[in-house]
Each structure stands twice: as structure tokens, then as C-alpha cells.
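Enquirer: Using the sequences and the hints, build the whole thing.
With the working numbering, you'll find the sequence shown wraps up at 653, consecutive numbering, no jumps.
Relax, there's no trap hidden among the hints.
Derived CB-CB ranges, DEER-like:
{"hint": "1", "residue 1": "R196", "residue 2": "K515", "range": "48 to 58 Å"}
{"hint": "2", "residue 1": "W573", "residue 2": "H599", "range": "39 to 49 Å"}
{"hint": "3", "residue 1": "K491", "residue 2": "R241", "range": "28 to 38 Å"}
{"hint": "4", "residue 1": "R451", "residue 2": "W573", "range": "47 to 57 Å"}
{"hint": "5", "residue 1": "G153", "residue 2": "K107", "range": "40 to 50 Å"}
{"hint": "6", "residue 1": "D423", "residue 2": "E194", "range": "48 to 58 Å"}
{"hint": "7", "residue 1": "E103", "residue 2": "K209", "range": "23 to 33 Å"}
{"hint": "8", "residue 1": "Y235", "residue 2": "R597", "range": "46 to 56 Å"}
{"hint": "9", "residue 1": "K165", "residue 2": "D574", "range": "22 to 32 Å"}
{"hint": "10", "residue 1": "S517", "residue 2": "G443", "range": "35 to 45 Å"}
SDA-like cross-link-like pairs, simulated, lysine to any residue; straight-line CA separation at most 25 Å:
{"hint": "11", "residue 1": "K537", "residue 2": "H489"}
{"hint": "12", "residue 1": "K260", "residue 2": "Q395"}
{"hint": "13", "residue 1": "K171", "residue 2": "Y160"}
{"hint": "14", "residue 1": "K263", "residue 2": "Y550"}
{"hint": "15", "residue 1": "K422", "residue 2": "S432"}
{"hint": "16", "residue 1": "K131", "residue 2": "S622"}
{"hint": "17", "residue 1": "K447", "residue 2": "V280"}
{"hint": "18", "residue 1": "K491", "residue 2": "V505"}
{"hint": "19", "residue 1": "K161", "residue 2": "E634"}
{"hint": "20", "residue 1": "K635", "residue 2": "D155"}
{"hint": "21", "residue 1": "K131", "residue 2": "E141"}
Because the hints were derived from the structure by calculation, they are not lab data. The beta carbon of each residue, even a glycine, is placed where N, CA and C say it ideally should be.
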Amino acid sequence: MDFRDITSSMGIPAAGFLRREDFGKDFFFGSATSAFQIEGALDKDGRGKSVWDEFADDEKRHGKNLFHPYGEDAVCHYKHYEKDVDIMKKIGFNAYRFSISWSRILPTGKQESRNQKGINFYKKLLKKLEEKKIEPFVTLLHFDVPQDLENEYRGFLDRRIADDFRDYADICFHEFGKQVKYWITINEPWSFAYGGYVLKDFLAPGRGPVDDRFDACKIAVTNIDGPIYRSTPYKIEKENDDDAFLFLPRRFSYQTSTIRKSVQKRFLKCSNSEPFDQGISDEEDPSKYAYIVAHNQLLAHGKAAKLYKDKYQMDQKGKIGITLVTHWFEPHDCDSQKDKDAAKRALDFSLGWFMHPLVYGEYPKTMRRYVKEGHLLVPDLEADKSIIQNSCDFIGVNYYTAVYVSHRKRKDRHGKKHESNYVTDQKVKHHVKDSKGKFIGKQQGATGWIYGYPKGIMDLLLHVKREYNNPLIYITENGIDDPDDHSAKLWDSIYDHQRVSFLHDHLSFVKEAKRQHVNVKGYFVWSLLDNFEWKAGFTSRFGITYVDYDSEKQERHPKLSAAWFKSLLEN
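Expert: Following this line, the structure appears as C-alpha cells:
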């Protein structure tokens, strides 16, 4: 099915009050994708594994292989990139945001493992985009950290990754810089830190805060008779193909009652050495993982950006930035000052967590106040301030939904103090209804987490303008998903009126933000194609192009939303 079929059979919904010219000649309209979600060819042409290869294949963790039922090559952009670029051109897009697979360029994540076949693929893609006069916006890292770096030093839990990321970026700038004028270092550092290190089983690498095994370690330690001696950290090795592991405290000395020998043998293989004091180091405490990972992402971004500005920018004349994501937050009770403060605080713990260091060289005051002492936010940032601050030429903003928030006490209803971690430190509680029972928006999409609140995109843009000196902004993701309905006919699957309304309403508020002098210069719909939607696998379809996963060639069919975009861009 092509554009003529869909437009003649269904008609195109009116673009309403939107016109292409409303956004200016220098405004980019495009679509966005990421390497792991669309490329396929995971074991082709020398590509190394990423943390998502391991995570998606972990049936014990998820109860299934996330690639099921379509397999690892369901979209196979690696093979069909030319037809995908042709789709963009037919719609009328003048820009395309995609990511490079770090482990396709450097299979081990290290500079010395350079893979020319991987480099050649992206050169061919960029050449095709150039032929079609489509501007590439290239993301260097979209969640898919090389697995070898995770194995070697636990990935973004270790500062060494910042240097490896800079070296990887150096190769990309050198090889692709003549064609690429817009670089995005890291996609959604908040999602990676929160989804991969707080929620644990939501995003790779799937680490999390205190869990049963860590609790068991603490019980074992606190019930040892006599002092404990050990010169190196206690490591819980992975068991039964479970790739998560934790470290016991490096420093402790307990005098307590008894412990079962089996538990002692399992967790505490002690050797006589020097005694250590009680305490848990930050690197070993899972409640601090998110803060460490967030900071190391900022450091990696800063080092890559500094390299680009010092070595390449003058000749290549490009720009470099980062893509951040946040919900918009409204007070649960609009008459409650505590809830209003909670809404501001929630924004600081998501967007401000990264924007404040990038613009002002410090974490937001609310974070510094509410984060438990010992998370090392302030001293870490001070040491790296010169690398992180003022490192962006632009900011990418991803926006999907909004929530109500209320103030949450540090103690539970029984008066017990919540253990400090990223979630409890914020002292906020999320709601989909306000205090009067009104939903923040209509629940939309297949996965259920999106509540349509298009005004939020304008509120967010105005917030960035007001709080962060009106930087150059590109909306690098906005969209909604459909379910993967096996029983639905193709005709029903491509008739996505809900998505058309969603996109129209959000773009209308982007238009209004521009009228209020927000420096926003582009909009990328998520996504060009139906694809592998992370933890949801192939059960969620975000594309404006339908992909028939069951067909031999993964046939592409434009949805009504693609036709609507075409009508908008053609006025």
C-alpha cells in the first residue's frame, strides 16, 4: 500500500490551523529512530554485543525473550535503509534523527577494535540522505552500551567509560563529520539512569536498588560473630545466567549474634587480612547507582563535546548537543503550595538533573537539599564542572506525557523512614488524577503510560526558555504507540486517527511556543517505523509507517499519520 492508496481510500484529515510556513523556513521536520530498535543484523559484519543484546535475550528476567515472536531482524533497517530514506523523502521530511551503534563501530567499545564494515554502513546511509537532501541528526549513544565495557568495569558505573566514549566519538567525528552538522552525544540520560539502575528490569543493563540478594548480604554481615576481615570487595557472582551482580561493603566490622554456616559460606568467603571499619562505599551501594550513572553520562557528554569543539568544529562547522527527556508535572492540588513545590521538584529531579549542570555548572538546589548526604553530587560535579558546563550548542527535548504530583513525606504511614534512594529523595508522589478526580489527559497508546497532555510540550519549552537562557531547542521525540494486534487487518492498523490528533495537537502548542519566542527549530516524530520498543518488545508500534514483521522483506506501509504529515509539509 502506498500514499496514493491511503489518501484516496481514507482521505487525509485536515491539518487544521497548522501550516508548514507557520514554523519558518529554517525549521526541521523529521522522524527519529535508534540503532538497536531498527537495524537488526545484530551478528553481521563484525558488530559486537551491546547491553541490550544480553538484556532482551534474558528469558529468566522477563519471562520471555523480548525478540519473540518476530526475531532479532524484524525491521532490518541495516538491509532496507535505502527504502526507508525514500519513505522520508516521500513524506517531505527534511531531517532524520538516527543513532550509531557503538558496538558496530567498535565491537569491544575500545578504540583499537575499530570495525570498518560498521563504519561503511553509516557512510552509505549518510550518502543516501545527502542525495535526498535530508539533514542527519546523529545520536552517538541511544542506550546500547557495548557489553564488553559492562563486563570489564560495569559500564556507566565507572568513570573510565567517559574516556572510552570520547574515543568512540572521535572516530565518528572523523569519519562522518563532513556529512553531519548536528551531533547528539547521549539520548535520555535520565531514562538510562532511572530505567537501567532504579527500575532494574525496565531498561538494560538491568541493575537496581537494594533487592533481595543485597538484603541477604546485609543480614549475613550484621549477623556475623566477631569482626570480619577482608582485603577486597565481596562479590556476589552471577548465578543461573542472571547477569546482575552486587558488591558487599568494602569496609565493615560487626559484633553480633549468630549466622548459619551455609549463609556465611555463600556470601562471605573471608581471608585473614586487615580489618576494615563499618560502612558502604558509594560505588557498592545500589541506592546511589542512578546518581553515579547520571554524572558519568554528563562527564562522557562533556568530554566528547569538548573534543568536537577543540578538534573538529571549526573545520566541520557543526553543532553538538544532548537529548533530554521529562514528563511535564502539574500539582495534584492546585491550591496546595506543597504540591506546587513538589511539581517544581519533580522537574528538577528529571530535566534539571542534567540541564542545571550543563548551563550553571551545578545540580539544582532542590537536589542538593533533598539528596541524602553521601551521594557525592556536589564534589563530583565541582571536579568536572569545566568539562560539563557550557558544553552544548543546542538541547534536544523528548516529550510524551504529563502527570500530577503531590508532596510525599520521607516517612511512611507507620512512621518508618524510607530508605534514601533516587525515588524517595524527591519526596514526590505521582498521580494520573488530580485531587478532584480529573485525569490529566486521555489515556492513549498501547502501553498505557501516555496520557495526552499536549499543552505540556509548550509549558516545558517555556520552562526551558525561562530557566535556562532560551537555548536552541530541537524536539527530538514526540509520539504515541499502537498495539501490535495480530487479529487486525492491515487496513485497520494503518488507520491511526488517534496518532494524527496527538501529533496535530502537540504541534499546535509548539507553534504557540514559537510565537512566545521559544528558540525551537525542529520537530522529530517518534518514530519513522514500527520497531523494537525496548521492554515492550514488538507489542508496541510507535511508527508512522507500518512494518509487516511477518513478511519476508518486512514490508513498509505508510499510515494515515504519514499521509497527514505529507499534507502538512506540502501545505
